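If you're matching them up, the sequences are chains V and H in order. Numbering of the first sequence is given in the numbering used here, commencing with residue -5 and proceeding in unit increments. Numbering of the second sequence is given in the numbering used here, commencing with residue 515 and proceeding in unit increments.
Calculated from the structure, these hints are not laboratory results. All figures in this text were calculated on a predicted structure; none of them were measured in a lab. Don't be surprised by glycine CBs; every beta carbon is placed ideally from N, CA and C. It is possible that part of the hints are untrue.
Stated by the list, open to error - Chain V is faced by these chain H residues, among others (derived, beta-carbon under 10 Å):
{"hint": "1", "residue": "PHE548"}
{"hint": "2", "residue": "TYR550"}
{"hint": "3", "residue": "ALA592"}
Below, each chain spelled out in residue letters.
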Amino acid sequence: EAAVTQSPRSKVAVTGGKVTLSCHQTNNHDYMYWYRQDTGHGLRLIHYSYVADSTEKGDIPDGYKASRPSQENFSLILELASLSQTAVYFCASSDWGGGDTQYFGPGTRLLVL
Amino acid sequence: GDSVTQMQGQVTLSEDDFLFINCTYSTTWYPTLFWYVQYPGEGPQLLLKVTTANNKGISRGFEATYDKRTTSFHLQKASVQESDSAVYYCVLGSGTGNTRKLIFGLGTTLQVQP
């Protein structure tokens, strides 16, 4: 059973529109993360959370918001989507922070036109 | 700040060739180091993990040793197969407490030709 799932798996959005990417984990992990993947940049951390109802900024948070309404769910919100946000987005979970293994979802491919 | 460097963007080998992927890191703390692998259409998954306690990780025929003197964490495999074609990321566990996170290298795309 897939322990980290993401929805949608792909999306086409218009510039200036609102986009919400969702992530659900069944690992019972405290930590959840959102990354974006771009050619030439590897994976970069956008937001993360270590407890429900609280989120933290990662390395590239500008233009993104995050929401963690429960331990299992973590959303990434693009209030005003821009062309530069076209990328593949990955959600991950871990039992504790950076020294622990992270388990990734399958990714969401976002195209902003 | 903490960082990871992978210089090889792409490596092309034939089956049964020896694989060596360079990785160097920089951190002021005791490092936890990982190699993650990403197959086409999937998210990254852990290949192996090494801490200062064990120095060496082995998984699925891959091996990586942490060298504090040279701050290196190279990935090796004696004989690659076509199924090993994927992107390999060198990753450093960084920070302390609740701010700990993973820092990914840029990745090395391995293509193994039959």
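Hint-by-hint comparison with the structure:
no.: 1; hint: PHE548; verdict: holds (7 Å)
no.: 2; hint: TYR550; verdict: holds (8 Å)
no.: 3; hint: ALA592; verdict: violated (25 Å)
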